[in-house]
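Engineer: First to last, the sequence lines map onto chains A and B.
As numbered in the numbering used here, residues 66 to 528 make up the first sequence, in order.
As numbered in the numbering used here, residues 203 to 835 make up the second sequence, in order.
Worth flagging that the hints you see were computed from the coordinates, not collected in a lab.
Just to be clear, a hint being listed does not mean it is correct.
[To be verified] On the chain A side, residues computed to face chain B include the following (Cβ under 8 Å):
no., residue
1, Glu187
2, Ile263
3, Thr327
[Said to hold, decoys possible] Distance condition first, Cα-Cα at most 20 Å in a straight line; then the derived SDA-like pairs of lysine to any residue:
no., chain 1, residue 1, chain 2, residue 2
4, A, Lys88, A, Thr132
5, B, Lys414, B, Phe394
6, B, Lys310, B, Pro654
7, A, Lys86, A, Thr132
8, B, Lys229, A, Leu426
9, A, Lys460, B, Val272
10, B, Lys263, A, Ala520
11, B, Lys263, B, Asp206
12, A, Lys460, B, Ser271
13, B, Lys507, B, Asp562
14, A, Lys460, B, Ser274
15, B, Lys229, B, Glu313
16, A, Lys460, B, Gly273
17, A, Lys498, A, Asp415
18, B, Lys229, A, Pro425
19, B, Lys571, B, Thr643
20, A, Lys201, A, Gly83
21, B, Lys263, A, Leu523
22, B, Lys507, B, Phe758
23, A, Lys460, B, Leu275
24, B, Lys507, B, Val759
25, A, Lys201, A, Asp151
26, B, Lys263, B, Phe690
27, B, Lys751, B, Asp504
28, B, Lys756, B, Thr438
29, B, Lys756, B, Pro739
30, B, Lys317, B, Pro231
Backbone N, C-alpha and C define an ideal beta-carbon position, used for all residues, glycine too.
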Amino acid sequence: MLPIILLSVFGIVLLFMGFLKSKVLLLPATLVFILAALATTFMDWGKTYLYFQNMLLTNNLAILFTTIVLLSAFMVVALSNSFIEDEQAQPAEYYALLLFSLVGAIMMISFENLIMLFVGVEILSVAMYVLAGSDKHSPRSNEAALKYFLMGAFATGIMLFGIALLYGATGTFVVSGIKSYVYTNAYGVSLLLYMGIILLLIGMLFKVSAAPFHFWTPDVYDGTPGLFTAFMSTVVKTAGFAALFRVLSVSFVGVYSFWWGTLAALTCLTLLIGNVTAVYQTSFKRMMAYSSISHAGYLLIGLTALGTQTKQALVFYSLAYSLATISAFGVLLVVSRQRQDTNGVNENFDAFNGLARQNPLLGFVMAVSMLSLAGIPLTAGFWGKFMIFTTAADKGIYWILVFAVLMSTVGIYYYFRVIIAMYFREGAAEPVKVAPFYRYVLIAATILTLVLGLAPGLLEGLV
Amino acid sequence: MQTDLLCSLIPLFPLIGFAINGLGFRKVPASLVGPISSAAALASFAVSLMLFSGFSGQPVKATLFDWISVGSLHINFSFQIDQLSLLMLLIVTGVGSLIHIYSIGYMKHDEGFGKFMAFLNLFLFFMLLLVTGSNYVIMFIGWEGVGLCSYLLIGFWNKNVNYNNAARKAFVMNRIGDLGFLLGIFLLITTFGSVEYTDIFEQATRFAVGDKMILAITLLLFVGAMGKSAQIPLYTWLPDAMAGPTPVSALIHAATMVTAGIYMIVRSNVLYTLSPVTLEVIGVIAIATAILAASIGLLQNDIKKVLAYSTVSQLGYMFLGLSVAAYSSGMFHVITHAFFKALLFLGAGSVIHAMSDEQDIRNMGGLRKHLPLTFITFLLGTIAIAGIPPFAGFFSKDEILAHVFLHNKALWGLGLVGSAMTSFYMFRLLFLTFFGEFRGTEAQRHHLHESPATMTLPLIVLAVLSVAGGLLNLPGGGWLSHFMEPLFAGSAQVSPEAFGHEIDHSTEYMLMGISTAVAIGSAIAAYVVYISRHAVPAPESAERSGIAKLVYNKYFVDELYEIAIVRPIRALGDALYNFGEFIIDGIVNGVAWIVRAASAQLRLLQSGSIGFYVFAMVFSIAVIVIVRFFVRF
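Given these sequences and hints, build the entire structure.
Structural biologist: Now the structure itself:
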C-alpha cells in the first residue's frame, strides 16, 4: 500500500514546491512521483495482502487497475505543458489535487471495507470538483464545478444510504463479510440488503456516468478544462468500474439473479442514450462526453454478464479506452488552442478540418484513437469490445449482445465524423505545432493501441 | 532461448529495412538505400546460416507471445525451426540477398528506387513469416503479406494502366486461392481444435487413410496452393505478373513466393498422405499445367513471358512430385529451380537492361558478343533447366520423373513430353537472343553494354549454384532426402505403402538415359530450326493457322475466363448494385434518419437545469425500486 502513502506525501511536497518562483520543475517532478508510485505498486505483484486492519486488499487485479489509472494520470500530466505558459494557472495545486485524487482512485480499486470505498470516492470526487472549476475566469468552468458538486453530493448521499442499509442487513462493512452473509442466508436475505445493493449501485453508476444518472456528464465534461476532462473520463471511470466489479463479484455474486436484470436494463439504456445522443453533437468535447457514457455501457455489459472472463475483459477494455481517450483529448487540446474562434478555444468538429494535411502525425493519432473507440480491428478497442461481447455470449445473454453491436454501429457514425473532417475537408492552412515531449506521449499511446490491437495476448495471463 | 532470439531476428531485419526505406522514402539518400536493404537481407541470411549450422536435427519452437485466445483455441505467435523451414529460409534469404544486390544495379536510376527496395524488404519479411511460422495462421499472415507485396511490385510502374490491370489480376486470382486456404484453416480448427503444426500432425496420425474431413481440408488447402503457385485454373496471373520489374519476377514470381504452395503441401504432408484422392487430383492438375504452360512457352516471343510460362510448367513438375508422395523430390526441385530460374530471370533482366527495355526476342540476336558474362551464365541456366546432366535441373527433375514412373507410367510419359518442350523453348530462347545477327534498331545496337558488377555478381553466384546444385541430392539416397526424412515420419506412419518404393538401379539409369536423350534431342531440334535455318518467329501481325494460332494466343484461356466468369459476375454485380441502390440504401438511410431524429429528441433532455437533473435521478431511482420490488414479472 506504499503508493497511497507515497502519493499523499508527494501531493503535499508539490504544494510546497508551489512556493518556488519557477514552475519548471513541477511537471517533471509530478511525472517522477507518479512513476515512483507505479513502481511501488508492483512490489505486491503475485501476492494477496490485507492492509490497515483489513481495510484494503491488494491482488493482481487491483494492481492492474492501479497501473491503468497511474498510466492514464501519467499521460494526462505529460500533456499538461500549457500550464507553464499560462499566467492564470496554478499548476502546483492542480498537480497536488491530481495526486490526491489518485489516492482516492487507488482506494476505490483496492477497498476491502465499504468505508474505504466511500472515503476513496469522496477523495477522488472532491479533487475533481475543484479541478472542474480550475478555469476560474470561465463561467462554463464554474458552472461545471458547481453542477458536478451538487449532483455528486446528491449521489454520494444515496450511496452512503445504501452502505448504511447494507450494514443494517449484514452487520458488517467488510466486502467478504457481506459475501458470507449472502451465502449463509441464501434463502432469506433481508430486504434491506436488496435495497442497499440498489442504492449502492446507483451511487456508483452515477460516478461512472451510466444512464439515467448521466445528466451531469455532458455539461461537466464540456465546461471542465480539456485536460481534466481527459482525467475524469479515464481515471474516474476505471476506478469506478474496478470498485463496481469488486463489490459485485465478491459481495453480491450470491444474489446475482436479483441485480442482473436491473443492471442489464440500465446497460441498454446507457448504450442507447450515449450512442444516439452523440450523433447530434456539434462539439467534439460533448461528443466525447456521450462517447464516455456509451463506453460505460459497454463496460457494464461485462458486469451484467459477470463470469470468469469479466475481469480480463474489464482490464483490457479500460486500458484500450483510456489510451484512446487520452490521445483524442491530447489532439483536441492542441488543435482547440491553436484554432481559436470568436468564443475562445474551438472544440467543435470543424476545428479538425484538414488536420491530416497540416499535421499528419496528429491526424494519424486521432484517427487511430477514433478507430479504437469505434472498435475497428487492428486497434485495442476492437479486442476490448470483443472480450466484453464474449462475456455476454458465454453467459448466454444474446439480446444484450445484439443491442450492443447495433449501438456500436451507431458509434461508427460519430467517430468517423472526426476522421472525415481531418482527411476529406479543407481547413485552415496554417500548420499545427506540437511540442516534442507532447508528441512522444501521443505516439506512445498510439503505438500501444496498435500493438494491443495486433497482439491482445500480451496482456493474457496477467489476470 | 538463443534460438528464440535468432528466430525473431530473421524476419526482423527486413522489417527494419522496410521501415527505414519506406518511412524515409525520398529522404534516405539514394546511395544508402541499396546497402541498407541488402544488408537487411544479408543479415537474415547470416542468421539463417547460424541456425542451420547449429541445428541438432530436433525441431525447435520459439514462442514470442500468446497471440489470440478465443474460447479453447489458442493461437501463438511462434516460429518453428526444422528441416523444412531451414531449407526455405536458406533459399529465401540466400537468393533474396542476391536479388537485392542485383536490384541496386537494375533499379538505381528509377524514380521510385527507395520505394522499390522497401517493398522488396517487406516481401522478404512476409515470406520469412510464411516459412518460419509454427502454425497455419502465421503462415496465412505471410501468405497474404507476400500477395500484397506481389501486387504492389507487379504494379510498381503504376503509371501504366496495363501493369495495374496485371497487378489487379494477380491479386484477385490469389484472393480466390486465399479463400480456399482460409476455409481450409477453419476446417482444421473445427477438426483438430488447433492451428499449430505439431498438434495437428500428431492428431492426424490417428486418422484413417481416406478420411472425408481430411479430404475436404487438403482440397481446400490445395486451392490456396493453386492460386499462389499458379496451377490450372488459377495460373493466368503469373505470365501477366511479368509487368513488374525483372528482379521482382526473379524473386517473387520464380524463386520464392510461387513455391509457397509447394512448401505448404510439404509442410502438411501427413494430411496429404492421408488423402490419396487429393493426391490424384493434384497429379492431374500438375501434369496438365506442366504441359499446357510448356506448350504455350514454345511460341511466346517476350523473353520474360517465355520464362514465366516455364515457371508455371516447372511448378507443375513440383506438384507432380508431391502427387506421388515424393515430397523431398518436390522440395529438391524447388531448390534447384530457385537457383536456375532466378538466374535466368536475372540474365533476362541484364539483357533487357542492355537492350534499353526491349523484351521481344524477335528484335534481339547475336548478343553473346556484347554481353559475354550474361551469355555464359544464361547458357548454364538453360542447360540446367533443360535437364541435361550433370546440371542441377537434371537431378531434381529426374528424381521426380523416376518416382512418377513407379507410380503411373502414363503420367511419366506426359512428363517426358513436357520435358522435351522445356528443353526446346529454352534453347529457342537462348538461340534467338544470343546467336545469329542483331535484329534491333541502330540506337539499341549503339547502347549495348554488359551490366555493372552488382548485376553480374549475382549471376555468377547463381550460375555456380545452378551447375552444382545437383550435388545436394545425388541419385541413390543423397544428402537432401536424408536430411528431410524426419519431416515425413508421420506420413510414413499413416501410410507406409506410399513410401516404401525403392527404385532399382538399372531402371533408374534407363530413365536417366531417356530423359537426357529427350532433352538433348530437343536442344538439337531447336539448334536446327533457329541456328542452321535462321528461323525467326513471325511478327505479331502475321496470320497463324489452326493449332499455332490457338497456342500463340495461349489457348484463349483469358478470353474464356472473361466470357465465362468475369462477365457474369459483372452482370450480377450490376444487378445487385441496382437492388442495393434502391432497397438496401433506402433501409440504411431510413435507419440513419430515425437515429438522427431520435438523437435530436434525446438531446433536448439535456436541458442544463440542475433541478431537472436531480428530478430525473430521483424519478429513475423511484422507477427502479418500484419495478424491482413491487412489479412481479
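Engineer: Compare the structure with each hint and give your call.
Structural biologist: Hint check results:
| no. | hint | result |
| --- | --- | --- |
| 1 | Glu187 | violated (19 Å) |
| 2 | Ile263 | holds (6 Å) |
| 3 | Thr327 | holds (6 Å) |
| 4 | A:Lys88 - A:Thr132 | violated (27 Å) |
| 5 | B:Lys414 - B:Phe394 | holds (14 Å) |
| 6 | B:Lys310 - B:Pro654 | holds (11 Å) |
| 7 | A:Lys86 - A:Thr132 | violated (33 Å) |
| 8 | B:Lys229 - A:Leu426 | holds (17 Å) |
| 9 | A:Lys460 - B:Val272 | holds (15 Å) |
| 10 | B:Lys263 - A:Ala520 | holds (19 Å) |
| 11 | B:Lys263 - B:Asp206 | holds (8 Å) |
| 12 | A:Lys460 - B:Ser271 | holds (18 Å) |
| 13 | B:Lys507 - B:Asp562 | holds (10 Å) |
| 14 | A:Lys460 - B:Ser274 | holds (16 Å) |
| 15 | B:Lys229 - B:Glu313 | holds (13 Å) |
| 16 | A:Lys460 - B:Gly273 | holds (13 Å) |
| 17 | A:Lys498 - A:Asp415 | holds (18 Å) |
| 18 | B:Lys229 - A:Pro425 | holds (17 Å) |
| 19 | B:Lys571 - B:Thr643 | holds (17 Å) |
| 20 | A:Lys201 - A:Gly83 | holds (18 Å) |
| 21 | B:Lys263 - A:Leu523 | holds (18 Å) |
| 22 | B:Lys507 - B:Phe758 | holds (16 Å) |
| 23 | A:Lys460 - B:Leu275 | holds (18 Å) |
| 24 | B:Lys507 - B:Val759 | holds (15 Å) |
| 25 | A:Lys201 - A:Asp151 | holds (13 Å) |
| 26 | B:Lys263 - B:Phe690 | holds (18 Å) |
| 27 | B:Lys751 - B:Asp504 | holds (16 Å) |
| 28 | B:Lys756 - B:Thr438 | holds (9 Å) |
| 29 | B:Lys756 - B:Pro739 | holds (16 Å) |
| 30 | B:Lys317 - B:Pro231 | holds (12 Å) |
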